[in-house]
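Visitor: Fit chains F and C to the given chain G structure using the hints.
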Amino acid sequence: MLAAVLSLGGIGLVAAAALGVAAKKFAVEIDPREAAILEVLPGANCGACGFPGCSGFAKALVNGSTAPSLCTPGGSDTVHKIAQILGVEAVTADPKVAVVLCQGDNRKATEKYRYLGLEDCNAAQKIADGPKNCPGGCLGLGTCARVCPFGAIEITVDGLAVISREKCTGCEKCIAVCPRRVIRMTPLDASTHVLCNSHDKGAAVRKYCQVGCIACTLCKKNAPEAYKIEAFLAEVIYEHHREAAQVLEKCPTRCIRDFSTGYPEGSSFPPPTVPVKPAQVD
Amino acid sequence: MNLKTFPGGLHPPDSKHYSATSPIAVCPLPEQLVIPMGQHIGAPAEACVAVGDLVKKGQLIATAKGFVSVPIHASSSGEVVAVEPRLHPMGKLLPAVVIKTDGEDCWDDTLQGADPAELSGDELKNRIRAAGIVGMGGATFPTHVKLSPPEDKKIDTLIINGVECEPFLTADHRLMLEESERIFDGIDILRKILGIERAVIGIEANKPDAIEKLSREGAARNVAVQALQVKYPQGAEKQLIDAITGRQVPSGTLPMEVGVVVQNVGTAAAVSDAIRLGRPLVERVATVTGPGIKQPKNLLIRIGTPLSFLVEQCGGLHGEPAKIIMGGPMMGQTQLSLDIPAIRGTSGLLIFRQEDLPKKLEAGPCIRCGRCVTACPIHLAPTTIAAYGRLDMLDEANAYNALDCIECGCCTYICPATLPLVQTIRYAKGGIMAKKRTI
Amino acid sequence: MENQLYLSSSPHIHGGETTDKVMRTVIYALLPACAVSIYFFGLPALSVLLICTIGCLAAEALCCRLMKRALTLSDGSAALTGILLGLNLPPSAPWWLSLFGAAIAILIGKQVYGGLGSNPFNPALVARVVLLISFPVQMTSWTAPAPLGSGLDAVTAATPLGEMKTAVMLTGKLPELATSGFGNYLTGNMAGSLGEVSALALLLGGLYLMLRKIISWHIPVSFLGTVIILGGVFWLVDPGTYPSPLFHLLTGGLMLGVFFMATDMVTSPVTGKGMLIFGFGCGLVTVLIRLFGGYPEGVSFAILLMNAATPLIDRFTKPKIYGYVEQEAAQ
Chain G
1 MLAAVLSLGG IGLVAAAALG VAAKKFAVEI DPREAAILEV LPGANCGACG FPGCSGFAKA
61 LVNGSTAPSL CTPGGSDTVH KIAQILGVEA VTADPKVAVV LCQGDNRKAT EKYRYLGLED
121 CNAAQKIADG PKNCPGGCLG LGTCARVCPF GAIEITVDGL AVISREKCTG CEKCIAVCPR
181 RVIRMTPLDA STHVLCNSHD KGAAVRKYCQ VGCIACTLCK KNAPEAYKIE AFLAEVIYEH
241 HREAAQVLEK CPTRCIRDFS TGYPEGSSFP PPTVPVKPAQ VD
Chain F
1 MNLKTFPGGL HPPDSKHYSA TSPIAVCPLP EQLVIPMGQH IGAPAEACVA VGDLVKKGQL
61 IATAKGFVSV PIHASSSGEV VAVEPRLHPM GKLLPAVVIK TDGEDCWDDT LQGADPAELS
121 GDELKNRIRA AGIVGMGGAT FPTHVKLSPP EDKKIDTLII NGVECEPFLT ADHRLMLEES
181 ERIFDGIDIL RKILGIERAV IGIEANKPDA IEKLSREGAA RNVAVQALQV KYPQGAEKQL
241 IDAITGRQVP SGTLPMEVGV VVQNVGTAAA VSDAIRLGRP LVERVATVTG PGIKQPKNLL
301 IRIGTPLSFL VEQCGGLHGE PAKIIMGGPM MGQTQLSLDI PAIRGTSGLL IFRQEDLPKK
361 LEAGPCIRCG RCVTACPIHL APTTIAAYGR LDMLDEANAY NALDCIECGC CTYICPATLP
421 LVQTIRYAKG GIMAKKRTI
Chain C
1 MENQLYLSSS PHIHGGETTD KVMRTVIYAL LPACAVSIYF FGLPALSVLL ICTIGCLAAE
61 ALCCRLMKRA LTLSDGSAAL TGILLGLNLP PSAPWWLSLF GAAIAILIGK QVYGGLGSNP
121 FNPALVARVV LLISFPVQMT SWTAPAPLGS GLDAVTAATP LGEMKTAVML TGKLPELATS
181 GFGNYLTGNM AGSLGEVSAL ALLLGGLYLM LRKIISWHIP VSFLGTVIIL GGVFWLVDPG
241 TYPSPLFHLL TGGLMLGVFF MATDMVTSPV TGKGMLIFGF GCGLVTVLIR LFGGYPEGVS
301 FAILLMNAAT PLIDRFTKPK IYGYVEQEAA Q
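Just so you know, the sequences run in chain order G, F and C.
Position 37, counted from 1, in the first sequence is what this note's numbering calls 37; the numbers after and before it change by one each time, with no gaps.
Position 285, counted from 1, in the second sequence is what this note's numbering calls 285; the numbers after and before it change by one each time, with no gaps.
Position 54, counted from 1, in the third sequence is what this note's numbering calls 54; the numbers after and before it change by one each time, with no gaps.
Chain G extracted, bound-state conformation (with noise of 0.2 angstroms):
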């Protein structure tokens, strides 16, 4: 017994001492900054900044190659905490989210045909330019959904794209693989968009889809200021995102949507708590 206690702890104490001199002999030198902002990084490795993980930006802003405000995901309070650690300026840019510029789901959208196949947007478009007759609107296959690295993207029952301001970072992958372009960047404390992607001629618009913009110019000639139509379709300048709020009665196909009164039909989401707070990622 006695011998069988002092053999393994002789071994363990061996073991031990072995792995310290290691641990001191074959240190790697790193800066304690890059560990530092490691700690107050998200951690998701979404790659938003266009570096390699976390690690890899950490690494890369101690060494003096990047900016903080690159990070997205973890906001101005990140942003912050990184510049207090390298002793820089903190210059943040008004918090961005994504929005599907698109309410045209099933029910609402005619098909140009039925579409058999890999369950992706991309392999959708490949034939025939997609399933849905309108050229931009969402196909709600979930391509988008699967990239983002947050949840924040959920696909309705009757098949549209719908991404919620609360959760998502601005990181932008769901732009990168998104074959119609439906996807766009906006204000965060901005919750009027007009919800439609095609520049087509509104009498065409209204044969394919119940919710298109059929650029009707009203929504322009009730608030000069804070719309403008380009190529048959409205948009909202974010600048005077409040006023664009006022006259979405005057909207005859209903495609201008304010978020804050809720998303898009069929979306489980909760309205959004106005103002909405950036989101955090830890």
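Rather than coming from a laboratory, the hints here were simulated on the basis of the structure.
Treat each hint with caution, since some may be false.
The calculated SDA-like cross-link candidates involving lysine to any residue, where the alpha carbons are at most 20 angstroms apart (straight line), are [to be verified]:
#, chain 1, residue 1, chain 2, residue 2
1, F, Lys360, C, Phe280
2, C, Lys68, G, Ala93
3, F, Lys359, C, Lys68
4, F, Lys360, C, Ala70
5, F, Lys153, F, Gly121
6, G, Lys167, G, Ala93
7, C, Lys21, C, Thr72
For clarity, every value in this text was computed on a predicted model and none was experimentally measured.
Guide: Here is chains F and C on its own, set in the frame of chain G:
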């Protein structure tokens, strides 16, 4: 019969009984011909006529752009009523020339035939190019380019593809039975251009009458006929070369690498017409067939004829169509409607009703059964490539030779989980090629 | 403007074989073995099979609910796992053992990995091994066959392999039964788990599967071949200590393992070459455990070990493509 074959592949029911015994019927002229500018591999042609122009049959209406391109001709005489984007078999609006036929069907009288014996190889090639000849098996690769291998590639064999391995299609079969003279003449011209002696026609054993006829007629003309085991995709270039010559085309290269040039029987016949009669490619034989057609036929159609007109000529639709396929059921392209024109590569029009579609349309998870690996004629592992494709791991997909896939459809046909393997592998290929372009 | 036409990537026809057809065919192939086991062991056998199958179906339904996925019961894989698990249990297994095993098979053996197609190990074998290690007494209480209608009561007995292992460990020599009684082994008139018994019924089922092209010949041939050859070598060296290859073939779970467990598509390699290596490895480990290991039966462990090696085998047996170009030459 000594039947040759290649490893892999499978045996879908050939469904040729719908139209195999129906002789080629001439399809009447439609009121309007919609002729797209992009009907071939390579740069689309550029229209050189304007609205209001009167054109004759065979007249040039679009010029070729670059070496890998061919000119396009009017399929009948009439008036140009539009030069604008029209719905194309690829599913989008693409430039086309629309001709209102005048019913006279007069050939352009400047077209002149010649005796191939009096022309050099280069002159023959130029005439083939000027006639707009492309691969008629469906690939539509410009023929003059195929006949111009670089100096260092020594060609010794011409293989004529009379296999027609796609189920339902019988156009090439009927062409071999009814127009063998033109085919043999075309073979002679092609041999002269390539400067070789050896020509072999490959025919699948389910066409014994064609094998018998061409063997008999070919004996006197120094053209061999090789009967091949009935298997899909025997008609795929690489598999055909392997079966007939035993040579394998190295990955990433073309048949010229092993000294072979392959041409479809229809292309050979078109080459004969182009040289002897001076006629450009304005018509072809296509099989209009499927359980969704009342009277399946093999029709001699004009390029630019709307599919709806072809259906009318065949007694109309049988029930509600669920899929309109241009080509065969294994590699054909589904169409948005029948208001789409037939083009140079249209070897067939296949109509399926809902009840003719596979019962199980939704994909389940891959059960790793390995059937796709056994069936793949290129010996790839489709399940692995598709798995990487679904995860967007393109480097790994490339390591499993995704780019070698010939998209024949054997893997998807046999998959018990009805996974869209060909589509997923195509997606991976597209991603890999896009990545290569950005490097 | 609603278009009722379908558009999809080619091909547009399908061979007609579906996953549920495959699973159903395997279940049909197992029915003879189930029938024989019910004949020899009576109602206890039937109840074990039923509880395992229903348990697996219930566990799968529960998982689909919890994971918010569509119900996958109709693909037949859960039912198949249930029957295979039942065939791996002794007829005297209590109902809670069968139920627990069913839950382990589906929850741990399959669903945690992502469901059908994603599991690296054979679910029925995972459950069997878990049960064997957790409840060794219940899992090794065998009864002698009491054929239906014979009026015999269940009597504890040892399996032929168990007898052999005990005898060899105690005396270094094979017992009488190991050198005779092959007729009984073939038909199934011996003690053992439900699926261990009738080699004949299982062989018939396996041949049926090969004829229907559900499984290929590679794994059965290499697995059986390795057992015969390796077992034969040892038997030739010392027939008093090592049993004959025929004994190996007819006893224990070898037939069940070879035709129904090792050939499970999800957990075996996809290429022919890979399958041959897989079968060889299974045969090797089976014989080693049977002859030199602590357990009397080695098939389950052998198959599970080779399941673990499958991704590696697949990696090294990438098929050589048509037109294969040596990498150096391509440069």
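Visitor: Can you name, in rising order, the numbers of the hints this structure does not satisfy?
Guide: Violated: hints 1, 2 and 3.
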